[in-house]
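Chain order of the listed sequences is H and Z.
Read in order, the letters of the first sequence correspond to residues 0 to 367 in numbering that gives the first Met the number 0.
Read in order, the letters of the second sequence correspond to residues 0 to 359 in numbering that gives the first Met the number 0.
I should point out that these hints are in silico values taken from the structure, not numbers from a laboratory.
Cβ pair distances, simulated, as ranges:
1. 126(H) x 58(Z): 54 to 60 Å
2. 155(Z) x 122(H): 57 to 63 Å
3. 82(Z) x 66(H): 52 to 58 Å
4. 65(Z) x 56(H): 38 to 44 Å
5. 46(H) x 55(Z): 25 to 31 Å
6. 136(Z) x 87(H): 53 to 59 Å
7. 59(Z) x 186(H): 36 to 42 Å
8. 54(H) x 29(Z): 53 to 59 Å
9. 151(Z) x 178(H): 32 to 38 Å
10. 49(H) x 54(Z): 23 to 29 Å
Model, not experiment: these values are computed from the prediction.
For glycine and all other residues, C-beta sits at the position ideal for the given N, C-alpha and C.
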Amino acid sequence: MMKQSYILISLFLTIALVQASSGDVCGVVFSQDMLSIFFTGVIFSSLLISLWYMVGKLLDSPDIESVTKVEIQQVGITIVIALILSGLLQILCNISVSPEGIELGQKNALMLSTESKIKDAMKLTLEAYLDMSQALFDYAAVGSASTGFIVYGNAVYFSPFPVYSFIAQSIAPVSKMTLFAYFSLVFQYVLLKIVHSQVFLALLPIGLTLRAFPIVRKFGGVLIGVSLGMSFIYPLIVAIGFAAIEPLSYKHLNGISPMEYLLPVGTIMLAATLGGAVTALGPLVALISAITAFTSTAAISALPLGFDIGLGDFVTGDLHSLYASFGTIMLVAFFMPALEVLIVSAIVRSLSASLGTETDISGILRAI
Amino acid sequence: MMDWIFLTTSLWETSAQTFASNLPGEWYTISLLVVTIIAFALILMYMLSKMFQFPQLESTIKRELFQLIATLLMITILLGFEKTTSFAIASGVDLRDMISEKAAEQLLGKQGYQVNVFDASYVYLISTTTCLKKSFEEAQSNEYKEMLTRMSAGVYVFGGNLPLPLSQIFLSTWKDLMTSMMRAEDVMWLSIAAYFQINLLQWIEASMVTVYLPIGILLRSVPFTRGGGAAIMAIAISLYFVYPFLLTTLFFSGPPLPKECKVTIEVEGQPSKTVNAPKVCPSDPTAIEAYYGGESTSGGGGEGSKSLPTLDISGFQVVRLYAFFYPFIAMVGTLLFARSLAQILGGNISDIGRGMVRVI
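Okay, chain Z solo, but in the shape it has when bound (with noise of 0.2 Å):
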């Protein structure tokens, strides 16, 4: 039992004293403290168990110090795939050129700007809301048409009023007045989608692994609430470090957002800094559709004229992507991924989830 104890003394020395240089932030400590705190509890009751010679609390325990190692050994992996996706990031595509750090604070709210998975998101989320406001606009602009629309008048001819049929003359403005409208709608509910992914972020990387990791480790420590302790421990996990992770992988892998969508920054004191991200993973569909011709496939004549079924993911619907597909789909990758993990460290969600979602 010493040796076990030692071991695990001795891993938590020997990970505060690699990590203690450049910590990413402080969940970890709070996580240790947690794991402390378990730890000495365990060992009292050890040594009541061995006062009072209770041969079953005595073997309770030692699989619980078990569980305590395994806890110790997740934070590790955990802290070390932060730093492993902050190094890839920054390896990737240096923000700080994107965005400066007086912007940073103006935009996020924050100081002390970082490379890492949360800061890449949130560019890339404020650049969306960017462009569904100049699309709005562009929305907006058809509007003097209603003002076609609606307009009547009648001309004094003979005595009489004479209504002219100014509806049926600016019939065609309707098109265009439609579609702006359903435009609007659109940008409405992207642009809400935009935002509420924003502030899930903030409220993630606010509460994750410094309120809900330490909840989740206590609660998972006793053997009670170990199915909750797990899943807590699976959902913080699982929001704090998948979901950011994918959002970044989707949003440097997909099309890149429209030109318009770069945001000009005021920083009193500074040039207008221009926010937006460039493409790292070489995967532009229009790469493809250069080679088999581009713009001149429907034209036909030379290299080309070979028929593609091309998927329209360009403009608008790059916006789309990134407001509402993008986080669409790293949700439903990160409640998967929570789902087994819970069931790795001993809880079941899954048909709970199931059941909620029928619910709703």
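Isolated chain H, as found in the complex (with noise of 0.2 Å):
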């Protein structure tokens, strides 16, 4: 028993070193609030399983003496876990996470990093959306623009630029769901500002706490293994995936830019347009026939330039840039966050498990 209580004591004085020389871990958890609330609970519940065992003295009952040991002994744990995590939580708060590897940062390094890689993956998604939408608004524009004109009555009016209502056509469904993949990188943000707050980081000391108390231990421990999982691993694995993934694919976020190929071709509409104009005041104007002449050729002038633009690998070069775009998206946005959820649950399930009782997580998807 004497050696427990030394390693106890020299493993709590350890703690106690490295937090005065410190400060606070991560701003909340093991404040000295969250620590009185924490040891004012050890005490009480020691208080009360003594005077559980004092009961099974003066009742002669061997089984709530033994029982009392036991609960005595899982209070002992449960300030054994507190001393273990706090050294922990330390270290795992102040880490940093690059594609150069794990490194000791400043103070807070693990929860700064990781929103702002994730505030980094919002902006390129929402620039690569309003890129895309640009694109669109662009490429519908001037695909559903029409010319025409008119040789002593008979008129003919025509879209000279169809082929862009069908590029058009092919962005909208990706920019639909590049604003999905933002808005699945928005929840991602929120999720982790939750976790990081002030009342989710307190579930750690109060499930701490509450794992002292002999009928709310298991409670305590899924308290501890989901605050844990969720405020701890969880922005830990968000930061290694995004540091892997940095350097590799979000070189395909080039975006798209339609209007250097689309201004030459509305320079021409424009021309066209002003010389349909003009040939309206025709009966007026002396040089009617020059103008016709100028109108027509302008229009069909624009027609072979139409197509050699937007059937040319130049457009779908450009496409198949923002498909490529558009895959890179998909795995940051909706797989990458898949395989993250899957891991951070079987740890808080494992951790949960063996703190206190295991944690229903498909209980808890099936109720989401």
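Work from the hints to combine the two standalone chains into their complex.
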């Protein structure tokens, strides 16, 4: 018994030294208030168990005595868990993950770096969405434009660039999905904010406190597992995922700029339209035949140009760059989070099973 | 206990000496480093348990050492699996004939091109995207018909303008136009699927065994997080070893990609290189079709007049297989494998996965 006490006191002193040198861990967890709550809970629980032990002695019940011995051991284990966690979280809070590796950074580096990674991904996705929307509007506008000419009362109107409405239709669903991907990333960001909130972080010391009491020991274990998994392991797994993907696939996110291709087309369209307007005033102008010829030539000359730009590798290559970008977005916004949730859920379940009782993850998911 | 430690050390040394000459990557070294750190931690704890006479801790450490030896054996098996699949692919198809070192650098953005399941998958997927680009261009080439359908005209007759029913005249062009538009939409989703596969494979190749596997080994060595560690290990192993292997196997055994999918790579100072994946597995469905008469089945006559319910997996359908169905089947197979492996390693992800699918 003396040996265990010695180890416990040594551990406590070590952690107290670490705490004294570097302040509180992650702002809230193991702050002065939380430590007070925890130790009050532990002392109160010990008193209750001692009282129960006395009752056992009084009633001369060996069953009660043995149960209280186990319970007091559990209180000791809870204190050890608290000590180990305070040291572990001190490290876990202050590491930063980058493509170069994991390093000990500034205070709360893990939370800050993970949030900034998700914010970067959100920014890139939103930029991609805005690019796509802009492209969609540009292509649709030019694609739906029509021109025509009237020669001695005979009129012909046509759309010289139908290919652009075709391209617009190919962009529209991707643009919509990119918006969903953005929402998915926003959800992750909000989730990260929630698990870093003071209320959520306080679940860890509360869980530790509850674990000291026999009746709510299992619930306390679940709270410890959930808060540890969500507040610390989840950001770590997200940061690792982003660190691995950052140098690889973000290079695809170049965006598209259709206007540089559409500008010359637009100029010819404008010339054709102006020509058409002048033609309408034809009877008043002496050069009617010359203008008509110009208008017709401008409109017809726009045709092969439109096909040339529309059908070449130019736009197709651009579209495939867009599809490649969306492939990356899908990985970051849908596949990686699913995998991360799977991993974190498995860790939470094994942690809570070891500390109290197994968390019913499938039940929670069913409820969602 | 000392015997076990000696055995573990000997196993490391033997494995390291066997594979040191031709290591497939850095993952093996990283995993070994993690195993060594855990071994040292266990040895330290064993000393403590002896010093303070904790028999429970002693027996726990013994159990953990067994787990560590099992992890070491698993790493060795995985290394062997990786080498074997590489040999199998190298003997089945010479990728260096299909894609040069420089071209690989240009296409895949990687140096030190090797014959392995990842690179074989990249070649097939890049060929698929090329094919999809061509399909899109074909679909796009029908777009002049949209101009016809949207054209309107009027004729000046007896002082009035008589509209011509052009949309009725060009009514037949609508069908072609709609077909082209549907094809373009198909191409869009398949292109996204193909590019997603390329990105996914790049991510798996870069991170699974170099980052996630060591983390999994580390977490699995702690009894509190054994389940989580097992899940990470199972996912990392399945995605790195099983997924590309299944994908390559399906690519090799499926019908061949159309000839239009050949990628011509212009590399400065080298003649242009044509990339296409040749067939290795003789499971070409057209061979059966030829036996039954091929094209003449509907026409009747001769040996090939027997009726055969044929599944049309040629042309664009093959591209659909390569871009979507094969990766989907490979992913389902991989997840099934991951579930079983997680259970073997001491974790359970089946109900979490089921719940997640339900949520999605």
